[in-house]
Amino acid sequence: MFRLNLKIALRNLWKNKAYTLINMGGLAIGLASCMVLLMYVAYEWSFDKQFKNNHKTYVVYNLANASGRIFSWAWTPGDMAPDVEQSIPGVAYASHSSYPEDRLISYGQRNFKKSGVFADPSFLKILDYKFVKGNPDKVLKGVNTIILTETMARNLFGDEDPINKTVKLDNAEVLKVEAIIEDIPKNNSIRFDYLMPWALNVKVNPWMKTNGYEGNFCLTLIQLQDNNYFERANAQIKGIYKQHKKDSNSEAIMHPLSKWHLYSNFENGKSVGGRIDQIKIFFILAFCILLIACVNFMNLSTARSEKRGKEVGVRKTIGSSRKSLIGQFLLESLLLALMGMLVAFVLLEISLPYFDELLDVNLSINYSDWRFWSALTGLTLITGFIAGSYPAFYLSSFEPVKVLKGATIVGNSSLSVRRVLVVFQFVFATCLIICTTVIYQQLSYIKNKPIGYQRAGLIEMPIQGNFKAPEKLNTLKDLLIKSGAVSSVTSFSRGLNEDGNNTFSVEWPGKNLKDETLFNFRFAGLDFVKTIGTDMISGREFLSSSDSSNAIINESAAKIMGLKNPVGTMINSQGTPLNIIGVMRDFVIESPYYRARPMIVYHHMREVNVIIARLNPAMNVSNAIGKIDEIIKTLNPEYPVGRKFVNDGFEQKFQNEKLLRTLSNWFGGFAVFISCLGLLGLALFMAEQRKKEISIRKVLGASTTNILTLLNRDFIRLVVIANLIAFPLAYIIVNKWLSAYEYRINISILPFVIAAVLSLLIAILTVSVQSVKVAKSNPIDALKYE
Amino acid sequence: MIRIEKLEKIYKTEEIETTALNDINLHVKEGEFVSIMGPSGCGKSTLLNVMGLLDKPEKGSYHFMDTELLGLNDRERANFRKRNMGFVFQNFNLIDELTVFENIELPLIYNKIATSERKRLVNEIIERMNIVNRSGHFPQQLSGGQQQRVAVARALVTKPKLVLADEPTGNLDSSHGNEVMELLCELNEAGTTIVMVTHSSHDASFSNRIINLKDGHVISEKMNKGRNEELI
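Top to bottom, those sequences are chains A and B.
Take 37 as the starting number for the first sequence in this note's numbering and just add one per residue.
Take 106 as the starting number for the second sequence in this note's numbering and just add one per residue.
To be clear, the hints were calculated from the coordinates, so they are not data collected in a lab.
Treat the hints with caution; some may be incorrect.
Calculated lysine-lysine pairs in the DSS-like style (CA-CA distance at most 30 Å, straight line) [claimed, not checked]:
{"#": "1", "chain 1": "A", "residue 1": "Lys438", "chain 2": "B", "residue 2": "Lys164"}
{"#": "2", "chain 1": "A", "residue 1": "Lys278", "chain 2": "B", "residue 2": "Lys134"}
{"#": "3", "chain 1": "A", "residue 1": "Lys51", "chain 2": "A", "residue 2": "Lys809"}
{"#": "4", "chain 1": "A", "residue 1": "Lys85", "chain 2": "A", "residue 2": "Lys43"}
{"#": "5", "chain 1": "A", "residue 1": "Lys438", "chain 2": "B", "residue 2": "Lys319"}
{"#": "6", "chain 1": "B", "residue 1": "Lys134", "chain 2": "B", "residue 2": "Lys161"}
{"#": "7", "chain 1": "A", "residue 1": "Lys359", "chain 2": "B", "residue 2": "Lys217"}
{"#": "8", "chain 1": "B", "residue 1": "Lys224", "chain 2": "A", "residue 2": "Lys51"}
{"#": "9", "chain 1": "A", "residue 1": "Lys359", "chain 2": "B", "residue 2": "Lys264"}
{"#": "10", "chain 1": "A", "residue 1": "Lys809", "chain 2": "A", "residue 2": "Lys222"}
{"#": "11", "chain 1": "A", "residue 1": "Lys359", "chain 2": "B", "residue 2": "Lys319"}
{"#": "12", "chain 1": "A", "residue 1": "Lys438", "chain 2": "B", "residue 2": "Lys264"}
{"#": "13", "chain 1": "A", "residue 1": "Lys343", "chain 2": "B", "residue 2": "Lys117"}
{"#": "14", "chain 1": "B", "residue 1": "Lys117", "chain 2": "A", "residue 2": "Lys346"}
{"#": "15", "chain 1": "A", "residue 1": "Lys346", "chain 2": "B", "residue 2": "Lys161"}
{"#": "16", "chain 1": "B", "residue 1": "Lys161", "chain 2": "A", "residue 2": "Lys343"}
{"#": "17", "chain 1": "B", "residue 1": "Lys161", "chain 2": "A", "residue 2": "Lys359"}
{"#": "18", "chain 1": "B", "residue 1": "Lys224", "chain 2": "A", "residue 2": "Lys346"}
For reference, chain B alone in the conformation it holds in the complex:
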């Protein structure tokens, strides 16, 4: 589904150039659950942002379902993003002024889904995420785990082909963290492709494949046959 080739991303400040991604080649198949790991500053978040069309690389190519995405302008990128991708962030990034229901509804509105259909989709996902009794609350009124569920719900409500998660458990305690990871696994089993950036090898153990990054290079790739079995 995703074919990234010879990707290069350079950050420039006034005096220094930093190469964040250097000659990255990466393939993700449909239905895969891929973890990206590596020390701070290795470029894993940058890679995720590039995959999510939030950042533009200098060189290379990025094919998504046989479409080259790197030549797109801002509006085309936004359009592509809202149709095909969902995001989950470490710090949830819910809009404080909107209720749980409204937060989840927002991407549907941007996708111009009719009101009745929106209602149905949101209610469906709220039920699935087990947050029915929270739908009228504002984000500040929820615990971290609940907030992240809302964020996941928001990422999934448009039924995206790809979910990008940036340290989804980073701000959660271990029990809430496990809940979120189990949720992602369920999604993956239901057919959603997931790419996740994480620090935690525990979290990474839930995925099919782990990619290790260092200084902007892919240094290793490990398959993970059967989720909790030994790595090959």
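In isolation and in its complexed conformation, chain A is listed as follows:
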């Protein structure tokens, strides 16, 4: 029975190659899209889960209450980890570590600027990295030691054995290599190239030792003995700040490590999602695309029911039960799903490297993973079942007497189900077109929105090695300008795109005592305003080193302080009295989607960390870059140049939105394409079915245009209905998406017009491919044979 059914199924598929191709192609693209998206979701989901005890590991968040708002960071004081380990029951380990930061590592002539982390031994107890060489129990206990990742070790030492050899950190500290660990996978929140003892951090920064609960400069990780302790531990850690510092406005909470990556947004001290929102969208998208492909199959199968009806009739007459017929049709759709899956597999292997690059992830098929195979099998079965269910139940319900007598079996009900399905497909496709357009609009709006300075032609380099000496920095500045490569040079305490460095402790005349506004603070060199291309609203910028007790504030700060004449006002920031000499236009440092935060800029040359230079527009860029690199190399030969374009860093801020745009673009395109395949198949069928009617109409004098209108009218009506449903739906979706941004576009009519025109155009073109052929055919051909 099974063999015979299989035979019928195969012969049927072979006989109707066009339908088979359309169905299989649709299913293949649907399955491939679904799998890529699911793999991406799985990848994001897998973050930080490769550690054995990830489920009982927590990141400590600092919730700082300021003017009624709660700010949340995973930055905590250095003393917290030892305190937690000692005083809170149920804690197996607590570790403090620095966040990854780029530093210079050298061995002989080889210099690399790579990212390193300082951590104490419990860090390795909590996160069980795979050791290639060395003993995990004996490392990080000294001061001048280092653990390298495999790639880092290979870069530094080539084929030599690195153990017990020494490397140099920032050209100062000599560190002995004590272990090698495997490279940190991309799906890890904490990624570094080498690991050093916390003691070394304290040695380089002695203030850390006595800082207590004043500053938040570490990442604190806690591992519990088991999760039964969580409620109590979390309750106890809450007041840890106030225990050690009476006037603290902070509370601490434990956030699961496994949720750190996807649930990183906090609002008023509560976790409110984060990346997970996007992941959810992709997850839904994955199944919607698959569903669209299934709908194609349902549509075409039921549309062809007239042809299959006779077979159903004969089988029933001979004695087939309905169950066995349902089985047969399901077998057919499973077969098709299987074929689609094979093609999808090929598509997947071809496209994965491309998506890896596009999304900057590392997706690959793990053939030895049983989860992969079960997901694959599950997906194929589900697809086959969903796609085949409606046709199977519908076709098997035919009454033999009617179909064998040639009565019309395509009743109105199946026709309207098909219509509903087509409408569903186009609702989805239209929604995607609208959303994609809005994402585009929002991105280009934000990108073209003035950010307060001229980011084009600006470059940044770290102040490192010799440049830490002010005279060398001045020499560099002179040489750069003299070379003609740059037109002006300044320095800043952080990169223009970097956030961080903020404080609540700013006092100004007339400040409300309860006001706790968070101010960014920065240090800038001379010519800052001129170099970055912004301007002063009032006052002046720093002119000489005598400005060290003066400050510049930005517009937002001036507004918050409510000063009528800010210039000349004395304020106090972090205990330092400052005289405001100027108000600068707001410019974007953090997110381009939000209003700039109030900022205070000081002038202290020993606090600056970044050189910012404006390229001379008179010289071509590659020449200028060459000259700059050459000058830096001669003045600071031991360090890599580390030059970056500010614009590139700025682009990084759009990563999430770009990802969303890319994915919705691609998969929206696929959804539209699959829907078109379905439409094409349906048109193919309708044209065939109405051949005789069309021929009679032609004989009676209908023109090609009449016929085309006749054939297209039905489809156009469906697409119009789909549009009408999609519009409010899409409006709700994009409105919700946009509401997360402070700076956002107003939803205009344009995306809706685009979607309507596009969907109609696509539908008409698709249907016309088929209907033109029919409309132009010779009517006698269809009428001759009865």
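Since the structure of chain A is already known, use the hints to place chain B on it.
Same frame as chain A, now just chain B:
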């Protein structure tokens, strides 16, 4: 073998009710060859469908070998049908995707006959029907007469007690038509009960008894003693 009493079948559309069969009483003995004749729309096909359990009447009773069949549900009807009845249609109704052999084999599969036995039965009937060299062909590759032979073979392969034929020669020329009729006669002589719907009095002359239907009523019954002799 068949005892039909007071059978009534009504077709309902949105507005009109049509009585297709009205108070039909009919007995068929085992081994009989009965023809049902009558003008178009007289209800003869409906009667055949009711006898073949393809259609349900509103009233009356239908006994087949002392079993009342009208109360059966769909699955029981299908089961009864596949064990006891074979069908031959005017337009053959072979499955295009299956070969001659597979078409004939299909009812045996539904009757859950073992593979080797199936092979034997199909080969036997193919030989008997004289279509051995066609067994690997698909229906489209055969002439109408050959297709109808396959259809007859398919109806007979399960050795049914009753064969129902709906205008078996309707789509055939006269020589092919005669071949099929002779085939049915041979079967009948071998003991199979046959009920046939036909337009053609030539075809009807092959049967033992002719029933005339008009507007859903039996209007006459004629015995046919000796196949080609004058009717009584």
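Tell me the hint numbers this structure goes against, listed in increasing order.
Of the numbered hints given earlier, those the structure breaks are 2, 4, 10, 11, listed in rising order.
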